[in-house]
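Participant: Now for the letters of each chain:
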Amino acid sequence: MELSHKSIALAGDHTSLDPSSVGRDTSLKLYRQMLRLRRMEEALLAEYHPADEMRCPIHFCIGQEAVPAALSLLLGRDDFLFSHHRSHGYFFAKGAPMRELFAEIYGRESGASGGMAGSQDISHPASNFFSGAILSGAVSIAVGAAMGFQLQKSGHISVAGFGEGATDEGAFWESVNHAGNKKPPMLFVIENNRYATFSDQLKRQERDNICERVRPFGVGATQIFGNDVVLVWQTLAAEIQRVRNGEGAALVEAYTYRWNSHVGPEDDGFNHYRSNEEIAFWKRNCPIRLLQEKLFELVWISSEEIAAIEEEIAQEIAGCFEFAKTARFPEVTDWTRLNFASSSPLADRLLADEESMNFNPAQSEAKLAPY
Amino acid sequence: MQERPISYAEAICEATDQAMQLCEKVIVLGQLVDTPSGIFGTTTGLADKYGADRVQDFPVSENLMTAAALGTALTGMRPVICHQRLDFMLYSLDAVANWLALWRFKSNGKSGVPVTIRAIVGKGWGQGPQHSKSLHSWFAHLPGLRVAMPSTAFDAKGLLLESIFSEDPAIFIEGRGLFSMREHVPEKPYRVRFGKCAIRRVGTDVTIVALGAMVPPALRAAASLEAEGISVEVLDPRTLAPLDRQGILESVSKTRRLIVAEPGWHSFGAAAEIVATATESLGDRLLHNPIRIAYPDSHTPMSMALEAKYYPGEPDLVAAVKRAVSE
Chain A
287 MELSHKSIAL AGDHTSLDPS SVGRDTSLKL YRQMLRLRRM EEALLAEYHP
337 ADEMRCPIHF CIGQEAVPAA LSLLLGRDDF LFSHHRSHGY FFAKGAPMRE
387 LFAEIYGRES GASGGMAGSQ DISHPASNFF SGAILSGAVS IAVGAAMGFQ
437 LQKSGHISVA GFGEGATDEG AFWESVNHAG NKKPPMLFVI ENNRYATFSD
487 QLKRQERDNI CERVRPFGVG ATQIFGNDVV LVWQTLAAEI QRVRNGEGAA
537 LVEAYTYRWN SHVGPEDDGF NHYRSNEEIA FWKRNCPIRL LQEKLFELVW
587 ISSEEIAAIE EEIAQEIAGC FEFAKTARFP EVTDWTRLNF ASSSPLADRL
637 LADEESMNFN PAQSEAKLAP Y
Chain B
2 MQERPISYAE AICEATDQAM QLCEKVIVLG QLVDTPSGIF GTTTGLADKY
52 GADRVQDFPV SENLMTAAAL GTALTGMRPV ICHQRLDFML YSLDAVANWL
102 ALWRFKSNGK SGVPVTIRAI VGKGWGQGPQ HSKSLHSWFA HLPGLRVAMP
152 STAFDAKGLL LESIFSEDPA IFIEGRGLFS MREHVPEKPY RVRFGKCAIR
202 RVGTDVTIVA LGAMVPPALR AAASLEAEGI SVEVLDPRTL APLDRQGILE
252 SVSKTRRLIV AEPGWHSFGA AAEIVATATE SLGDRLLHNP IRIAYPDSHT
302 PMSMALEAKY YPGEPDLVAA VKRAVSE
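Protein chains in written order, with this note's numbering: chain A, 287 to 657; chain B, 2 to 328.
Bound conformation, chain B alone:
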């Protein structure tokens, strides 16, 4: 097979381009989506190719944008909306939580609204507290909303196409730090299903369930631990809603040790849900208490000195694995 490495940002752009090519109902809405730079390279060239009707620079009205996307979906469109930082979309929480997530339910299944919300999470270089929130756990808490957190270029493309052409609203959370990372991505349009985890690395001693931006440090930790004779399995759920609980349980049944690496706050988050999933079924079989590696329960500091302390990484995961196997 010919390798075709492209970046995470290019994969998103390619998926959007192909979706617009495949179906004229696909439209893109967002602030500056029509500019030459695109949204960090994820919408570049689309306005030239498909015109201002289908690639619409939108006013700074996030709530309207989300509700209006829902409205276009009722008329048969398949909107993709973009937020350059997830923090900006918090004005749209009414549209998301009161309308979009419960539209199908409220109509007793008679009306669906396939809206895809792309939300980018900043990390590093002083993004500070209003440019760095992920909030994937908030969204996964809502019934009726699907939540994707792709970590690779391959998954970014497949999950975005799947979001656009499936029948339910989805929020697509993109780690800004992942945008430059390259992976082999097939040229043709394809789907990656929600609710099916990827086994990024096979191992036998410890399972690390890593979400989104925590996948690369988890894999680096696993590689360095192998040199010390510790075999780590790295699982990437890829989507939080639905969550592949079965895949997690299969891995943890084998390793009997669980660490969850979450790019979000420690308390009340996805890591807690994943730990609960494991302990509800396997609690008495575990060899070590599950460990959460997550952000401190604090807003994100701007200063580079504190950023380095705030974000957990490979050393934290290595230490956690060693604790899990030695205690």
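This is chain A alone, in the form it adopts within the complex:
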């Protein structure tokens, strides 16, 4: 049966998460990554107001930690990851440094993008991580990166993470069409959190069957309950292996949920776009809680060990705030240098200057024909 937000709600609380299928080491790494992301987002939320030192739109990803945590264990440095406005988890997934994320949000020179981009447009080229706020644009770019890897037989893969809202865009379907046809090493990862801002998927699309629609394009598509981090890890691991082996493009649709407002810390519940029951269901089925319960059952972690992890994360976050708040603001002396390269080493190496002002104007224009 195809999964949907409706079928997930009808099925009731998720009980089948099984850490033993991936082992203790992977389970603890996933737990730690999710907790780190959760605590970071909570800290940023708490600090956002009234301090008002982070003056850019932030789309918090609390509740959606499982996919980025799993990707963080599965992607190599040379693999590319492209994300969207809700970027923080993906920034982590490529191992980009947390303090550069903080400094970016604070608009500082030492930010990942030097204070030019902010949360929703952040990139970290050294980690091969890129994002942007316009839906689906980065998905198409990711397909191009996969084409580049395919041409160069590099063995790397390109991954695009995005929400189901991006599948409203023609650019997404152009991307699926081409990736299915040319089979570059491309993985599409949809975090289906049901809403494009406040708009339900079924208000925007006739059916919530993205995977079913994608498959005829030649892209293998898998749906999963996206808050079961073990299942997410297993599914992504298998698909990444297939894509890396040159078996063509794949898509994974992970059903999940954002706890907070679409953007910023203020509650957007006054728009009445989702029910309290729905929010409560997804909070009960929190990806961290689901894993933690099983870790306790298996006695793979103790309260003391969790407290130690919490303390370590708290210190890391405190250090990032310190780094960001004390960093310099950027200065600009030449706007052109921000927008254009200042050198052209390859052209310098390959090309010599030539000049000719000639033009013989006694020539008629090309005569056009029907084609």
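Worth flagging that the hints you see were computed from the coordinates, not collected in a lab.
Careful: at least some of the hints might be erroneous.
Unchecked claim - Some but not every residue of chain A turned toward chain B, in silico, with C-beta under 7 Å: (1) Ser399; (2) Ile420; (3) Leu421; (4) Met433; (5) Gly434; (6) Ala604; (7) Asp639; (8) Pro647; (9) Glu651.
None of these values were measured; they are calculated from a predicted model.
For each residue, glycine too, the CB sits at the ideal point set by N, CA and C.
Here the structure of chain A is known, so what remains is to put chain B in place on it, guided by the hints.
Facilitator: Same frame as chain A, now just chain B:
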């Protein structure tokens, strides 16, 4: 020096061929780029020589093509994408304006995307409103994007090689009417730098700054006016972004009269920018108000009867020069 006249279309094809020969990272993407006819002769033979991996017929998905070109550039490739008419690329404006043009800026200079967009502008023979737009002024308005409008075969080759091997995205706007025009073109690969205008004709009374397809009529006008004792300097900026403002100011300082010939709509265009550049520095020294010769603020008519009225040419430029020197 041995003259080696080749056409504008052949010069583009030669530049692309040499770029692909010089660097295996250069690829060509576009609809029908791999067909025997090539894109009006500009890609002929490339698919046979370099294979389907490097010369890729692309689906009719202009937005994806541009964004994907950006993606390939991130992996080290140097893509050249082709649009048989610029009008088709308007589906790609998101990729151009939201991603390509600001990629370097957004990464604080840590990532660059050398993508070359070739866009052909139709003119005449009933191209009508969806096969004739130039829109060079739109693109020049965007920070981070370089805009070339070569008028000669020599510049087409040098500017295309420069676009491909430099580090920033460039849009390369080609006048379809220029494709048959021949000029001496050196065989070796060479570069023509962006931001340096060409003085096509030296003169003392009036400066005509002519862009792209307006260069030939400007030169013909200048030649006929010389017979009447009027000396016209013809400047071809060659690139709009960056624009050689200094070169324009030097010429206008000398002639103190400015006419701008633009193959695009009259209002809010490159001609207005060039006039503003001159008047901001030299306004009180000019002997006559600057004149813009451009297309009417109207979409392009199909009918040959109206095309003749729509496109300005040599007579309009001759009349403008006479006004400038006599009033």
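Participant: Next step is simple, just say for each hint if it's right about the structure.
Facilitator: How the hints compare with the structure:
no.	hint	result
1	Ser399	5 Å, holds
2	Ile420	5 Å, holds
3	Leu421	10 Å, violated
4	Met433	5 Å, holds
5	Gly434	3 Å, holds
6	Ala604	26 Å, violated
7	Asp639	6 Å, holds
8	Pro647	4 Å, holds
9	Glu651	4 Å, holds
Of the hints listed earlier, those the structure fails to meet are numbers 3, 6, in rising order.
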